[in-house]
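Taken in order, these protein sequences are the chains called V and E.
Letter by letter, the first sequence follows residues 108 to 533 of our numbering.
Letter by letter, the second sequence follows residues 108 to 533 of our numbering.
Possibly wrong hints are sitting among the right ones.
To be verified - Rough simulated footprint, nothing fancy, chain V against chain E, three-plus residues with beta-carbon under 8 Å:
(1) 205-213
(2) 248-255
(3) 287-301
(4) 411-418
(5) 492-506
What the hints contain is simulated information worked out from the structure, not anything from laboratory work.
Note that the structure is a prediction, hence the values are computed from the model and not measured.
We put the CB at the ideal spot given by N, CA and C, even for glycine.
There are 2 protein chains.
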Amino acid sequence: MSIVIKDALAILPQKGADVPGRHTIYIMDGKIAGIDEKPAAFPEDAHVIDGTNRLVIPGLINAHTHTYMSMMRNCADDLSFMDWLFNRVNPIEDNLTPEDAYWASLLGQIEMIRSGTTTFNDMQMHIHQTTRAVRESGMRAVICRGLVGSDYDRDDVRLQQALEEMEEGRECSRLTFRLGPHAPYTCSPDYLRMVADVAAEKGLGIHIHLAESVAECENLRRDQGCTPIEYALQAGVFNVPTIAAHCVQATESDIKIMAEHHVSVVTNPASNMKLGNGFAPVPEMMAAGINVCLGTDGAASNNAQNMFREMGFLAMIHKGTHATPQCVGAAEVFRAATINGANALGLNTGAIETGRLADLAILRLDVPSMMPANNPLSALCYSANGSEVDTVIIDGRIVMEGGELKTIDEERVYSEIRSMCGRLGL
Amino acid sequence: MSIVIKDALAILPQKGADVPGRHTIYIMDGKIAGIDEKPAAFPEDAHVIDGTNRLVIPGLINAHTHTYMSMMRNCADDLSFMDWLFNRVNPIEDNLTPEDAYWASLLGQIEMIRSGTTTFNDMQMHIHQTTRAVRESGMRAVICRGLVGSDYDRDDVRLQQALEEMEEGRECSRLTFRLGPHAPYTCSPDYLRMVADVAAEKGLGIHIHLAESVAECENLRRDQGCTPIEYALQAGVFNVPTIAAHCVQATESDIKIMAEHHVSVVTNPASNMKLGNGFAPVPEMMAAGINVCLGTDGAASNNAQNMFREMGFLAMIHKGTHATPQCVGAAEVFRAATINGANALGLNTGAIETGRLADLAILRLDVPSMMPANNPLSALCYSANGSEVDTVIIDGRIVMEGGELKTIDEERVYSEIRSMCGRLGL
Chain V
108 MSIVIKDALA ILPQKGADVP GRHTIYIMDG KIAGIDEKPA AFPEDAHVID
158 GTNRLVIPGL INAHTHTYMS MMRNCADDLS FMDWLFNRVN PIEDNLTPED
208 AYWASLLGQI EMIRSGTTTF NDMQMHIHQT TRAVRESGMR AVICRGLVGS
258 DYDRDDVRLQ QALEEMEEGR ECSRLTFRLG PHAPYTCSPD YLRMVADVAA
308 EKGLGIHIHL AESVAECENL RRDQGCTPIE YALQAGVFNV PTIAAHCVQA
358 TESDIKIMAE HHVSVVTNPA SNMKLGNGFA PVPEMMAAGI NVCLGTDGAA
408 SNNAQNMFRE MGFLAMIHKG THATPQCVGA AEVFRAATIN GANALGLNTG
458 AIETGRLADL AILRLDVPSM MPANNPLSAL CYSANGSEVD TVIIDGRIVM
508 EGGELKTIDE ERVYSEIRSM CGRLGL
Chain E
108 MSIVIKDALA ILPQKGADVP GRHTIYIMDG KIAGIDEKPA AFPEDAHVID
158 GTNRLVIPGL INAHTHTYMS MMRNCADDLS FMDWLFNRVN PIEDNLTPED
208 AYWASLLGQI EMIRSGTTTF NDMQMHIHQT TRAVRESGMR AVICRGLVGS
258 DYDRDDVRLQ QALEEMEEGR ECSRLTFRLG PHAPYTCSPD YLRMVADVAA
308 EKGLGIHIHL AESVAECENL RRDQGCTPIE YALQAGVFNV PTIAAHCVQA
358 TESDIKIMAE HHVSVVTNPA SNMKLGNGFA PVPEMMAAGI NVCLGTDGAA
408 SNNAQNMFRE MGFLAMIHKG THATPQCVGA AEVFRAATIN GANALGLNTG
458 AIETGRLADL AILRLDVPSM MPANNPLSAL CYSANGSEVD TVIIDGRIVM
508 EGGELKTIDE ERVYSEIRSM CGRLGL
């Protein structure tokens with residue numbers, strides 16, 4: 108399918124900055140084939156999207172979530188972490204079938220597409236289900252099966268599941284995979300070293316939770332004499348491209364380690380506040396040159412899968428904690444939600460540039476939250492809520508147009524979710 | 108107009124809690140005339156709203172804003188407070204005409220209605236303009252003309268303007284008025300005492316900014332030897348019903364003073380973070396029994412006029428600062444955004460109860476952010492973004508139905524805002 112977005116406001120990278128301007132964008136063979144200049148082979152009968160009163164941005168990249176938890180939204184709030192995990196989340200997970208995980212992932216993907224997210228980085232537990240949902244939804248996803256264990260055992264069941272899932276997912280170009288050792292408190296040093304070794308051998312990246320809570324850090328200090336980031340370093344995790352979620356409790360020395368080893372950090376402001384974990388040292392990590400990305404985390408601890416909400420939190424909270432209105436500005440938030448995520452995930456997307464994968468979100472400007480459109484970068488962080496997204500293109504294919512989903516039967520998903528919640532007692 | 112909302116999920120106050128349940132709501136003569144029980148005189152030809160997949164909540168109350176600033180959205184971000192005020196906001200205000208203030212207020216009101224707000228408490232500077240916009244929009248508003256001055260002068264021009272506006276606004280039942288001395292740093296002790304005396308004589312409440320920034324507190328301590336809250340107390344402000352916006356820097360003793368004098372506090376989390384002022388001691392004020400309400404503040408410092416965004420911030424940030432996931436829960440946020448605002452403003456609204464003014468917002472439940480609807484109170488704070496609002500009733504009149512505004516010509520407003528921005532160089 109070829110598409111031309113005619114004369115729209117679009118945010119393009121120019122000399123290291125993201126600059127809004129009026130442009131016409133040509134899409135062909137899944138890629139951005141030209142900007143303002145029509146490619147030679149561009150077909151005359153391309154689908155035309157009128158750019159009047161529209162803003163085009165790179166599709167947002169949700170760099171850390173667990174879509175299989177989407178039906179756990181609003182079922183475990185205002186609780187202590189222990190209550191939340193052991194009395195609410197775990198019992199639900201114990202009763203979850205693979206089919207449940209599939210429908211829940213679709214629910215999360217509906218919310219993401221509707222709010223302009225085109226790629227997500229997912230840690231999950233029922234193999235084949237998120238990948239199945241992604242094939243249907245048309246989204247781009249990076250998948251890992253969550254791994255927990257204690258021994259240096261290359262025959263580990265979960266690792267084998269992860270590898271099996273990768274094998275099965277080869278044929279879909281929108282799917283890529285990482286290894287997902289869950290966290291220092293669920294992976295022994297031996298197990299973590301085994302996963303890091305396998306990742307290095309197979310040329311895979313790692314996706315891990317690190318330094319999320321004070322309790323995690325205190326327990327690890329007591330038992331292993333190190334921080335979670337030192338623990339991962341010692342196990343060889345940082346020998347492969349690593350995406351570390353949270354890092355709320357990262358110390359100055361941890362930040363130095365991560366910067367030196369080119370670890371990408373995903374900050375999840377809503378989840379970190381909601382579970383009482385606090386505020387990640389995002390300004391400090393950015394200053395140290397760390398590639399900071401943005402994620403929603405799963406719906407049980409957010410509870411939205413809406414990156415606009417998350418951009419709002421990221422742009423606001425550090426101004427509050429640092430008593431500095433210039434702290435983490437709109438330009439930095441935009442990069443965290445787009446190109447930084449693409450770089451962390453090794454994907455040729457996240458910016459409107461010729462040659463990049465055509466993953467785009469088109470927003471209405473004739474809505475109160477975008478009016479006046481004095482500064483579209485600011486609007487994305489400070490006044491938009493995600494409902495401005497009108498049309499979404501992923502891999503050169505329209506998955507939503509004029510607010511209508513093209514790939515997912517929403518009513519069917521909602522109906523399945525309703526009956527699942529009845530069965531699970533949600 | 109009589110309206111019946113048939114068999115919808117609705118959040119009703121029951122024995123001090125807000126409880127979701129299925130109800131049919133009868134609206135007549137601007138009021139909620141019955142719940143589940145049809146009033147005797149209820150007409151057969153009432154307008155029927157089907158409650159299937161709908162959630163009814165009291166219309167939200169934005170307890171502190173400046174709607175005339177709505178066109179300043181996204182034009183002054185990521186700047187120091189001094190840069191923001193003196194180099195961006197003030198020069199724009201200097202060039203603003205009364206007509207500009209009218210259109211800007213309508214822009215803010217469009218955003219508020221679309222996101223379920225039915226009442227706002229507005230401090231403004233061009234008299235007759237917000238009131239004019241409110242008459243047309245159908246919203247409920249409490250208006251004050253911002254007052255600044257140095258002498259005990261009852262002939263003060265701005266005070267006279269405020270009184271003139273009140274006189275002119277008498278005939279509209281949706282309009283009420285307060286006196287609005289701007290802040291301790293713009294009102295001398297004599298001027299503030301004069302305003303407090305006039306308020307007491309005329310039976311008017313006061314709306315004031317207090318203890319917003321560290322600089323305000325430090326300067327006042329140096330010049331007057333007291334906190335902003337002590338300053339207001341000494342001037343007699345708290346002798347009349349007072350709504351104090353911000354109170355970010357309120358001390359333990361300030362909180363005690365405000366609790367003893369039944370001062371209502373409006374917290375404005377987005378604005379306080381965005382300008383680098385920090386986090387108000389909301390949990391502490393709530394614990395002291397202060398009536399804490401919620402507001403967006405003006406669009407120059409937020410930049411949204413969307414109370415859902417604000418509810419999200421309020422529910423999240425104090426869990427982060429207090430490292431406690433139970434801190435400021437969804438139930439408390441809901442009250443801050445509804446009944447607490449009504450009580451502060453002296454309005455018989457803010458709850459779904461027979462006899463209250465019929466100010467209601469109806470949300471879609473068949474959208475991803477509300478799905479599953481396990482816990483509607485949580486959903487309002489943790490996953491909704493305001494775009495779920497489908498229908499809004501104010502004073503028993505439908506001002507939006509099925510996403511369509513009934514009272515404001517949106518295109519006309521946007522067109523006026525665009526040309527105004529051109530003229531103001533925004």
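Going down the list of hints, with the structure as the test:
no.: 1; hint: 205-213; verdict: violated (count 0)
no.: 2; hint: 248-255; verdict: violated (count 0)
no.: 3; hint: 287-301; verdict: violated (count 0)
no.: 4; hint: 411-418; verdict: holds (count 5)
no.: 5; hint: 492-506; verdict: holds (count 3)
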